[in-house]
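Given these sequences and hints, build the entire structure.
There are 2 protein chains.
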Amino acid sequence: MKIVITGGGGFLGRRLAQALLQRNALRNHRGELESLDTLVLFDVLPAALPDAADTRVQTVMGDITDPAQLAWVIDDRTTSVFHFAAVVSAAAEADFDLGMRINLLGTLAVLDACRALPHAPRVIFTSSVASYGGELPEVVDDTTPLTPQSSYGTQKALGDLLINDYTRKGFIDGRVVRLPTVVVRPGKPNKAASSFASGIIREPLTGMNAICPVTPETRVAILSPRRAVDAFLHAHELPAESWGDYRSLNIPALSVEVHEMLEALQRVAGDRPLGQIIWEPDAEIQRIVGGWPGRFTSQRAVRLGFQTNASMDEIIQSFIEDDLPSAEG
Amino acid sequence: MKIVITGGGGFLGRRLAQALLQRNALRNHRGELESLDTLVLFDVLPAALPDAADTRVQTVMGDITDPAQLAWVIDDRTTSVFHFAAVVSAAAEADFDLGMRINLLGTLAVLDACRALPHAPRVIFTSSVASYGGELPEVVDDTTPLTPQSSYGTQKALGDLLINDYTRKGFIDGRVVRLPTVVVRPGKPNKAASSFASGIIREPLTGMNAICPVTPETRVAILSPRRAVDAFLHAHELPAESWGDYRSLNIPALSVEVHEMLEALQRVAGDRPLGQIIWEPDAEIQRIVGGWPGRFTSQRAVRLGFQTNASMDEIIQSFIEDDLPSAEG
Numbered sequence: 069m070k071i072v073i074t075g076g077g078g079f080l081g082r083r084l085a086q087a088l089l090q091r092n093a094l095r096n097h098r099g100e101l102e103s104l105d106t107l108v109l110f111d112v113l114p115a116a117l118p119d120a121a122d123t124r125v126q127t128v129m130g131d132i133t134d135p136a137q138l139a140w141v142i143d144d145r146t147t148s149v150f151h152f153a154a155v156v157s158a159a160a161e162a163d164f165d166l167g168m169r170i171n172l173l174g175t176l177a178v179l180d181a182c183r184a185l186p187h188a189p190r191v192i193f194t195s196s197v198a199s200y201g202g203e204l205p206e207v208v209d210d211t212t213p214l215t216p217q218s219s220y221g222t223q224k225a226l227g228d229l230l231i232n233d234y235t236r237k238g239f240i241d242g243r244v245v246r247l248p249t250v251v252v253r254p255g256k257p258n259k260a261a262s263s264f265a266s267g268i269i270r271e272p273l274t275g276m277n278a279i280c281p282v283t284p285e286t287r288v289a290i291l292s293p294r295r296a297v298d299a300f301l302h303a304h305e306l307p308a309e310s311w312g313d314y315r316s317l318n319i320p321a322l323s324v325e326v327h328e329m330l331e332a333l334q335r336v337a338g339d340r341p342l343g344q345i346i347w348e349p350d351a352e353i354q355r356i357v358g359g360w361p362g363r364f365t366s367q368r369a370v371r372l373g374f375q376t377n378a379s380m381d382e383i384i385q386s387f388i389e390d391d392l393p394s395a396e397g
Numbered sequence: 069m070k071i072v073i074t075g076g077g078g079f080l081g082r083r084l085a086q087a088l089l090q091r092n093a094l095r096n097h098r099g100e101l102e103s104l105d106t107l108v109l110f111d112v113l114p115a116a117l118p119d120a121a122d123t124r125v126q127t128v129m130g131d132i133t134d135p136a137q138l139a140w141v142i143d144d145r146t147t148s149v150f151h152f153a154a155v156v157s158a159a160a161e162a163d164f165d166l167g168m169r170i171n172l173l174g175t176l177a178v179l180d181a182c183r184a185l186p187h188a189p190r191v192i193f194t195s196s197v198a199s200y201g202g203e204l205p206e207v208v209d210d211t212t213p214l215t216p217q218s219s220y221g222t223q224k225a226l227g228d229l230l231i232n233d234y235t236r237k238g239f240i241d242g243r244v245v246r247l248p249t250v251v252v253r254p255g256k257p258n259k260a261a262s263s264f265a266s267g268i269i270r271e272p273l274t275g276m277n278a279i280c281p282v283t284p285e286t287r288v289a290i291l292s293p294r295r296a297v298d299a300f301l302h303a304h305e306l307p308a309e310s311w312g313d314y315r316s317l318n319i320p321a322l323s324v325e326v327h328e329m330l331e332a333l334q335r336v337a338g339d340r341p342l343g344q345i346i347w348e349p350d351a352e353i354q355r356i357v358g359g360w361p362g363r364f365t366s367q368r369a370v371r372l373g374f375q376t377n378a379s380m381d382e383i384i385q386s387f388i389e390d391d392l393p394s395a396e397g
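Residue numbers (our numbering), protein chains in the order written: chain A, 69 to 397; chain B, 69 to 397.
Honestly, I wouldn't trust all of these hints.
A pair holds if it fits inside one copy or across any two, identical chains being indistinguishable in the list.
Computed cross-link-like contacts, SDA-like style, restricted to lysine to any residue with a CA-CA straight-line distance of at most 25 angstroms [to be verified]:
no.: 1; residue 1: Lys237; residue 2: Asn258
no.: 2; residue 1: Lys237; residue 2: Thr133
no.: 3; residue 1: Lys256; residue 2: Leu113
no.: 4; residue 1: Lys256; residue 2: Ala120
no.: 5; residue 1: Lys256; residue 2: Ile346
No lab work stands behind these hints, which were simulated from the structure alone.
On a predicted model such as this, the values are computed, not experimentally measured, just so you know.
Spelled out as structure tokens, the structure:
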């Protein structure tokens, strides 16, 4: 089987690639277990190979809105597509045209490439907590209407609706996973409004200071990268019947306030010297993040076997294990 | 002030045009009362002039997805746009590409033409009961999530989200009116899945037989053309503050079963000879229409002064008065 990951050079794309290569046998578009022979990482930037010796992996650089490139990458051998390519929240807010182009027109182009195949491929689309907003109930669940308050959230909600309609028409076998904020991301801060939520754990652990643009009482719904990758695989492997007619699902999250994240950091860090938190309020970030649901759940996801993190301590511990090897070794 | 109606050659576009010309003084984009000096009816088909002697009206034939044509029609003098142009429900289901092109890309092109203006014009977008679907509560209201079960409904839900985001960004001053099925439409049947709901009243009143593709117990949420036009004008005239952050609203509807519509027809027709109803079940029409909410309301719309019809008898009576003049005279 052949699997394509758009945004395959990104953090979650690379993590997923490793997990797919390790698992090797996955359900194809007919629901049969098949071994993975080709994994394409499609990205606008050069994607680092997870393992240069693994001949199953190809990296392709290209433009997600170009139908010709997509038709070449998403060819008749493609059984599944993980569509992760996106302009993140604060970037889509700052550059409206770029966000619309990549997040809406890019998604349309991917869906149309999938629709052109002789079979209906499994398509896993990452939506986001950002597709909720406005006056929200205390706990956001699968019955809460999508009323986003950012362009990124709007574009994710558009993709969500499109995946459902393309699935209903039989063009694809789509599955939408609405992710909470993924914490802790390794690497440098990015233009996601939620970037700080990783930064305030990651930077102190490497001895650097971190800027926190929101108040300590800001509540965020989070999920570790490990659990996010588990969710992608689980979303892919579930049979179409389990998903039923409605193909969108909130991935259950851990709900924490920022100060609780920092308290957990103190606990888990132990003797490690920690960088400082610099409180630098940013009204726009506070507005965007404060508008997202702080409590985010789904009875249906729990029933279908999606799992969340037990504690903030566990999330930090898995970051230390997965992404701070030098500090451990 | 200059007002543009896309789909201005259609039934509701023409009705609205007459009402706008009659009212003459409307709120411009600054909220000030101003007299209407130019009304453009933009349509893919030649639009009949409501009154050939009225020099305020222009008709323009063009393609709603063509940015150059739109930029010429929606120019700097344009204070308001009523965006009605759409491929209707059964047609969008039958021709997916056409529906996506007109209903999604056309809406995007209209919004981008509006965004290019030096001011934020008032934009009234007609969404639909069809943007609801799946497992619905007994009464659909403003808090019910949009989970459409047709491509038309999906495309209307996409437009709804886009209008809200363009408004939030300050590009337009958008207002989305989600209409129930408008009954009784004059003229010939069209490709809307709900076309029968007008046909079973209109055809018998003109002595013709009408085909009814759904069961007598099918419940539909309906609104008369008069009340629909009232809703467009009211949506336009309300100040932005009344709309607040969330710019979408269900227009309250009369909820009736098909057999109740026919009983009202018997009552209102009196001595008129009536054509017959021919029951010809159509599974696809039943599926689409049966998936729409039969009860459709909005506390907020009522609070904002939107009105619905008192009875089916009133709806039929207003059709006789407005659209059967020859029979009356």
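Right, here's what the structure says about each hint:
{"no.": "1", "hint": "Lys237 <-> Asn258", "result": "between (36 angstroms within a copy, 22 angstroms between copies)"}
{"no.": "2", "hint": "Lys237 <-> Thr133", "result": "both (22 angstroms within a copy, 24 angstroms between copies)"}
{"no.": "3", "hint": "Lys256 <-> Leu113", "result": "within (16 angstroms within a copy, 55 angstroms between copies)"}
{"no.": "4", "hint": "Lys256 <-> Ala120", "result": "within (24 angstroms within a copy, 65 angstroms between copies)"}
{"no.": "5", "hint": "Lys256 <-> Ile346", "result": "within (17 angstroms within a copy, 68 angstroms between copies)"}
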